[in-house]
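K.L.:
The chain contents come next:
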Amino acid sequence: MRRVITALALALLVSVVFTPAVVAQDDAAPVTLRIGLTQDWETLNPTVGFAVSEYEIWNVHYATLTDKAADDFATIPGLAESWEESDGGLTYTYTLREGLMWSDGEPLTAEDVAWNINTARDQEWDNMISTVVNIEATVIDDRTVQLTSSVPDPKLPTMDVYLVPPHIWEPIATDYDSTTQYDALDGVGSGPFVISDFAKGQSVTMVANPNYWGWEGEEPPYDQIIFQLFENPDAMVAALQQSQLDAIHGFPAGSADALEADPDIEVIAGQQGGFDEIAINGGAVEGQPHPALLDVNVRRAISYAVDKEAVIEDLWFGLASPLETMSPGADTKWIPDISGDAAFTYDPERARQILDDAGYLDSDGDGVREMPDGSNPIVLRHAVNTDGDLAGPIGDLFKGWMEDIGIGVELESYDQDALFGVIVDGTYDTFFWGWVPFVDPDPMLSYFTEAELGNYNDANWFDPRFDELYLEQKEELDPDRRLEIVHEMLTILHDAAVYIPMYLGPDLQAYRTDTFEGWVRQPAEIGPVMFSNSSPSYAQLRPIGAGGGDGGGVNWLLIGGIVVVVAAGGAVLLSRRRSTADERE
Amino acid sequence: MTSLAMQRRKATAIRVWTQFRSSRQGMIGLAVLALFVLLALAAPLLADARELNPVFARSQGNPQWGTPGDFGPLGTDHIRRSVWAQFVWGSRVSLFVGLAATVLTIFIGSVIGIVSGFVGGKTDGVLMRITEWFLVIPFLPLAIVLASVLGRSVWNIIFVIGITSWPSTARLVRAQVLTVKQRLFVDRARSLGANGSHIVLHHILPNVSGLILANATLAVPISILTETTLAFLGLGDPSSASWGKTLEEAFVNGAIVRNAWWYFLPAGIGILAVVLAFTLIGRTLEEIANPRLSRQR
Numbered sequence: 001m002r003r004v005i006t007a008l009a010l011a012l013l014v015s016v017v018f019t020p021a022v023v024a025q026d027d028a029a030p031v032t033l034r035i036g037l038t039q040d041w042e043t044l045n046p047t048v049g050f051a052v053s054e055y056e057i058w059n060v061h062y063a064t065l066t067d068k069a070a071d072d073f074a075t076i077p078g079l080a081e082s083w084e085e086s087d088g089g090l091t092y093t094y095t096l097r098e099g100l101m102w103s104d105g106e107p108l109t110a111e112d113v114a115w116n117i118n119t120a121r122d123q124e125w126d127n128m129i130s131t132v133v134n135i136e137a138t139v140i141d142d143r144t145v146q147l148t149s150s151v152p153d154p155k156l157p158t159m160d161v162y163l164v165p166p167h168i169w170e171p172i173a174t175d176y177d178s179t180t181q182y183d184a185l186d187g188v189g190s191g192p193f194v195i196s197d198f199a200k201g202q203s204v205t206m207v208a209n210p211n212y213w214g215w216e217g218e219e220p221p222y223d224q225i226i227f228q229l230f231e232n233p234d235a236m237v238a239a240l241q242q243s244q245l246d247a248i249h250g251f252p253a254g255s256a257d258a259l260e261a262d263p264d265i266e267v268i269a270g271q272q273g274g275f276d277e278i279a280i281n282g283g284a285v286e287g288q289p290h291p292a293l294l295d296v297n298v299r300r301a302i303s304y305a306v307d308k309e310a311v312i313e314d315l316w317f318g319l320a321s322p323l324e325t326m327s328p329g330a331d332t333k334w335i336p337d338i339s340g341d342a343a344f345t346y347d348p349e350r351a352r353q354i355l356d357d358a359g360y361l362d363s364d365g366d367g368v369r370e371m372p373d374g375s376n377p378i379v380l381r382h383a384v385n386t387d388g389d390l391a392g393p394i395g396d397l398f399k400g401w402m403e404d405i406g407i408g409v410e411l412e413s414y415d416q417d418a419l420f421g422v423i424v425d426g427t428y429d430t431f432f433w434g435w436v437p438f439v440d441p442d443p444m445l446s447y448f449t450e451a452e453l454g455n456y457n458d459a460n461w462f463d464p465r466f467d468e469l470y471l472e473q474k475e476e477l478d479p480d481r482r483l484e485i486v487h488e489m490l491t492i493l494h495d496a497a498v499y500i501p502m503y504l505g506p507d508l509q510a511y512r513t514d515t516f517e518g519w520v521r522q523p524a525e526i527g528p529v530m531f532s533n534s535s536p537s538y539a540q541l542r543p544i545g546a547g548g549g550d551g552g553g554v555n556w557l558l559i560g561g562i563v564v565v566v567a568a569g570g571a572v573l574l575s576r577r578r579s580t581a582d583e584r585e
Numbered sequence: 001m002t003s004l005a006m007q008r009r010k011a012t013a014i015r016v017w018t019q020f021r022s023s024r025q026g027m028i029g030l031a032v033l034a035l036f037v038l039l040a041l042a043a044p045l046l047a048d049a050r051e052l053n054p055v056f057a058r059s060q061g062n063p064q065w066g067t068p069g070d071f072g073p074l075g076t077d078h079i080r081r082s083v084w085a086q087f088v089w090g091s092r093v094s095l096f097v098g099l100a101a102t103v104l105t106i107f108i109g110s111v112i113g114i115v116s117g118f119v120g121g122k123t124d125g126v127l128m129r130i131t132e133w134f135l136v137i138p139f140l141p142l143a144i145v146l147a148s149v150l151g152r153s154v155w156n157i158i159f160v161i162g163i164t165s166w167p168s169t170a171r172l173v174r175a176q177v178l179t180v181k182q183r184l185f186v187d188r189a190r191s192l193g194a195n196g197s198h199i200v201l202h203h204i205l206p207n208v209s210g211l212i213l214a215n216a217t218l219a220v221p222i223s224i225l226t227e228t229t230l231a232f233l234g235l236g237d238p239s240s241a242s243w244g245k246t247l248e249e250a251f252v253n254g255a256i257v258r259n260a261w262w263y264f265l266p267a268g269i270g271i272l273a274v275v276l277a278f279t280l281i282g283r284t285l286e287e288i289a290n291p292r293l294s295r296q297r
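If you're matching them up, the sequences are chains C and D in order.
Numbering follows the numbering used here, in which position 252 of the first sequence is assigned residue number 252; successive positions increment by one, without gaps.
Numbering follows the numbering used here, in which position 22 of the second sequence is assigned residue number 22; successive positions increment by one, without gaps.
Since the hints were derived computationally from the structure, they do not count as laboratory data.
From a predicted model like this one, the values you see are computed outputs, not experimental measurements.
Do not rely on the hints blindly, as some may be mistaken.
Claimed, not checked - Some chain C residues flagged as far from chain D (calculated, every beta-carbon gap over 12 Å):
#	residue
1	Asn-232
2	Ala-258
3	Ala-524
What the hints assert, rightly or not - Going by beta-carbon spacing under 7 Å, a handful of chain C positions derived as facing chain D:
#	residue
4	Asp-234
5	Pro-252
6	Gly-254
7	Ala-256
8	Ala-310
9	Asp-314
10	Val-384
11	Leu-397
12	Trp-401
13	Asp-404
14	Leu-411
15	Ser-413
16	Gln-416
Idealized CB from N, CA, C, for every residue including glycine.
Start from the sequences, fold in the hints, and give me the full structure.
P.N.:
Following this line, the structure appears as structure tokens:
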């Protein structure tokens, strides 16, 4: 019996070491673009998902009414070929392209567009609501739809919400719960490729959509895309080097040099406003944090004790840049300049001083401070996202920074799905995660309003002034004034010290130059080639002749395997021994 | 307890020790184990615990990914921590979890085995069906599920290992109890009016304790390996630096691609050595407790 168990344990260990082996394609097989990534998918339902990996699938699966230019995110024709403004900017009339079809051959009409916008607004779909909240869609004819905003809307005419096929969704989407619980694996979309297979924890396969308007009546240039999940980023890097993948997203910064050395691999550090943060539980709703965190002085002290430079140097090898407050949009112009004494520059001495002055002293001499009345030692529950490649080391560093100023830290591990639940429940004190914002700052800003508490508000904090300004910027048509308002909002968030952005982190991506060509950076020159705001690459890529590499190089998998086998060798020996003892008894 | 019984037990202990001493494999195992126990006990003398703190390590100017040549004796990791400190302090966690989980395993297994074998009848049937049920559940998936449900602390890991690995001990002990139960001295005690608990404590237990001890020694390495496996799969206690966690961190943070052998080899060899030591000791004890094993070879 034990032997079976040990064999099973071995098999499991080895399967972890030898994370998904992608079988190289042969000539008869469909032409496949193979993308490696390290972030799992929780749901492919575009109304509620939140992970960057999920957005990537939707970017490919769903066309949008207006598209975003690859170069600068400018609003360009998508499903709509043109639009006209009237009523002083409150109303826009869009004309759809001729002969639009869903991937299953059903016509895609103005009716479909209007149903999406009105239903998303009425049922308050999480990922659409901030865009459509004030908008009413009216069908003029099959190819004409009119959007009317009840208030001035600086985002119009941009309308980039994912449009789901009503002929599939209408019977399902009867209310918020049934809509958001739908698995959305019907495979009907309007983008260049549509979902054909989803294995959670493994891969997503998407096949070419012959009805995609962007092909302009021609055959799709290649047959399918496979997004392959890797538990271990090094295994992913090795798979790219050995031509088992065409591109990878989110490789460890430490592998950049090795990848750059390969003449057939192009390395990209794509900037699109993405950042990582340590969030502090602000305690606005249920799930209370440690009481000390409700005092802004303690939160400020924590901010002063976080050494961002150390992280940028040791974990990003200088590829990231420091950040003082949240980055709400793809353009870094939205980030206010907070410097000098206003900034929380690493200074543990100052952090200790703030805590001393506020009365949080270590009264019993155990190295951990207590509340001013001497009770309740300050020990924080720091949630570590086991699906995040940097969350482990950042957790260790955070523990070190906090112990340095007399605050204890208990590390608690959660996978991505569990962590999202923990954040919603508020049963944490701090955690480390990141965001890739949208082009427009509105959705990211909405996440820190009172309305998003218990949902996307992962600071569990709100400020009435912030909420007021949020509504103000939402209706401000003067871009300069809107920028000012956003800057003021982000300064409020910064001073509340409830969200400690660490750095603007680039998306580290690499692609093979000998299999596909036509990769597009969004935005131009600085952006990533995939996992961007509208991911334009997939429709532009063309396969180059017959791909395939030699599969050579150092077989580190073997080395890893040997370590595991050696460590488990004793167990096999032992189990054999035990099983015979069992039999003889 | 009569002095006669005491004398007899003392004599048994001496006999076991004499036999053990004559076994080369047993003595090698004991020596290796003693070395690691010493290492664990002397951890505060051998390595500064602050070296486990990446912030302290950085403030000391430790190199990142330092080789054993750059930073003695075993180099540094991705966040500048001393690997030697991780190895020394990790031995404590690994040994502690291994031993504590074994105590739990052996306790559950022995109680169920003795009750099942001694009481017999329906009780035996029910207990053995439960045991078989645990035996047929794939061990690692169950441990993984339990570890993720219960949360990741050292005590939960111990609990998970204990609750998943007792069945073979229970079967082994039950079999031994069944043979001992048939022996004349048990009948004699019974006819003299001894009740069940007296017979179990004074006649059965002493006669199966050798087997339990041998079994326990063999259960320790399995517990250590299980802890390593769970930690390697990311299900260990994130706050305690066990060898399994060192392996996991080395793997996740790219030590293998970098050929940073000094990061993962010490922990790997440590696990191998301790597991081997316990196995050698356990085999020797098993042969002494159950001489048929050595005669048949």
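K.L.:
A separate judgement is required for each hint: does it hold in the structure or not?
P.N.:
So, going through the hints one by one against the coordinates:
The claim that C:Asn-232 is not at the interface with chain D is violated, since a C-beta of that chain comes within 12 Å of its own (minimum 7 Å). A Cβ of chain D approaches the Cβ of C:Ala-258 within 12 Å, the least distance being about 7 Å, so the stated non-interface status is violated. Every C-beta of chain D lies more than 12 Å from that of C:Ala-524, the closest at about 31 Å, which supports listing it as non-interface. A cut of 7 Å between beta carbons decides the hint on C:Asp-234: the least distance to chain D is about 5 Å, and the hint holds.
For the restraint placing C:Pro-252 at the interface with chain D, the shortest Cβ-Cβ distance is roughly 6 Å, inside the 7 Å limit, so the hint holds. Residue-level restraint check for C:Gly-254 holds (minimum Cβ-Cβ distance to chain D is 5 Å; threshold 7 Å). For C:Ala-256, the shortest C-beta to C-beta distance to chain D is roughly 11 Å, which exceeds 7 Å, and the interface hint is violated. The restraint placing C:Ala-310 at the interface with chain D holds, with a minimum CB-CB distance near 6 Å, inside the 7 Å limit.
Among the interface hints, the one on C:Asp-314 holds; its C-beta lies about 6 Å from the nearest C-beta in chain D, closer than the 7 Å criterion. Of the supplied interface hints, the one on C:Val-384 holds, with its beta-carbon coming within about 6 Å of a beta-carbon of chain D, less than 7 Å. Annotation: interface hint on C:Leu-397 holds; nearest CB of chain D at approximately 5 Å, less than 7 Å. At about 6 Å, the closest approach between the beta carbon of C:Trp-401 and any beta carbon in chain D falls short of 7 Å, and the interface hint on this residue holds.
Contact between C:Asp-404 and chain D, as hinted, is supported at the beta carbon level, the nearest pair being about 6 Å apart and thus within 7 Å. The beta carbon of C:Leu-411 comes within 4 Å of a beta carbon in chain D, closer than 7 Å, and the hint placing it at the interface holds. About 5 Å separates the beta-carbon of C:Ser-413 from the nearest beta-carbon of chain D, less than 7 Å, and the hint is met. Of the supplied interface hints, the one on C:Gln-416 is violated, with its beta-carbon coming no nearer than about 12 Å to a beta-carbon of chain D, more than 7 Å.
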